[in-house]
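**Student:** Construct the entire structure; sequences and hints are all you get.
Chains as they are written, first to last, in the working numbering: chain B, 1 to 65; chain W, 66 to 199.
Be aware that a few hints might be false.
[What the hints assert, rightly or not] If the Cβ cut is set under 10 Å, some of the chain B residues that face chain W in the computed set are:
1. Ser26
2. Ile31
3. Leu33
4. Ser35
5. Pro40
6. Pro43
7. Phe46
Keep in mind the hints are simulated off the structure, nothing from the lab.
Beta carbons: idealized from backbone N, C-alpha and C, even for Gly.
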Amino acid sequence: MRNRMRELRARDGLTQADLADLLDVSRQTVIALESGKYDPSLPLAFRISRTFRLPLDEIFYPDAD
Amino acid sequence: MQTSHGTTVRKASRRYGIRFGITMGSYAVLLTAGIVLAQLAGSSPWRFAAMALPVPALVGVVWAVLAFIRESDELQSKSTVEGLAVAFAGGSVTTFTYGLMQAVGAPQVSWLFVWVVYAVWWIIGGGIVRRRYR
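**Tutor:** In structure tokens, the structure reads:
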């Protein structure tokens, strides 16, 4: 799964630490999410969606095959 | 070194540090007391009870780790569990392999070394998992 989290975080002028606080996760988790090395659970994905005020499918999209 | 963010994560890490410190401190105190009492007990069966004194502290360490897994964020929980899985697999293969070697004459070693083997594998497992999600 790929995502636009890094781009959206930059759009909102947030640091990784800021986003970690907003999502109530560690900064390491934000790093892993942004790099696509970790796919979030549904509850965390919805928190990300609310934080960026975008539907899930505008943030996450499948890897190109 | 990276710092943890997120209120829940910070609290979980702080609680884990406190719990781990208290239980390991208790272990050191109880182990010392156990050794002294076992020496005083001589050949009496009470020596076994004396040397079992640190066991509740070890159970406390296990509880601290399990509580950390439950209380930290989802990636930290997953990473900790994966690290423990590597430790279990690596420790089991290592100790079982040495057991086979002992069957054909390798030196007998204390069971206390089993913990050391698993601890080393836990460190290795933690490193492998950190690299995976970095």
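**Student:** Are the hints correct? Go through all of them and say.
**Tutor:** Against the structure, the hints:
no. : hint  : verdict
1   : Ser26 : holds (4 Å)
2   : Ile31 : holds (7 Å)
3   : Leu33 : holds (8 Å)
4   : Ser35 : holds (8 Å)
5   : Pro40 : holds (7 Å)
6   : Pro43 : holds (8 Å)
7   : Phe46 : violated (13 Å)
Violation of the numbered hints given earlier is confined to hint 7; every other hint is satisfied by the structure.
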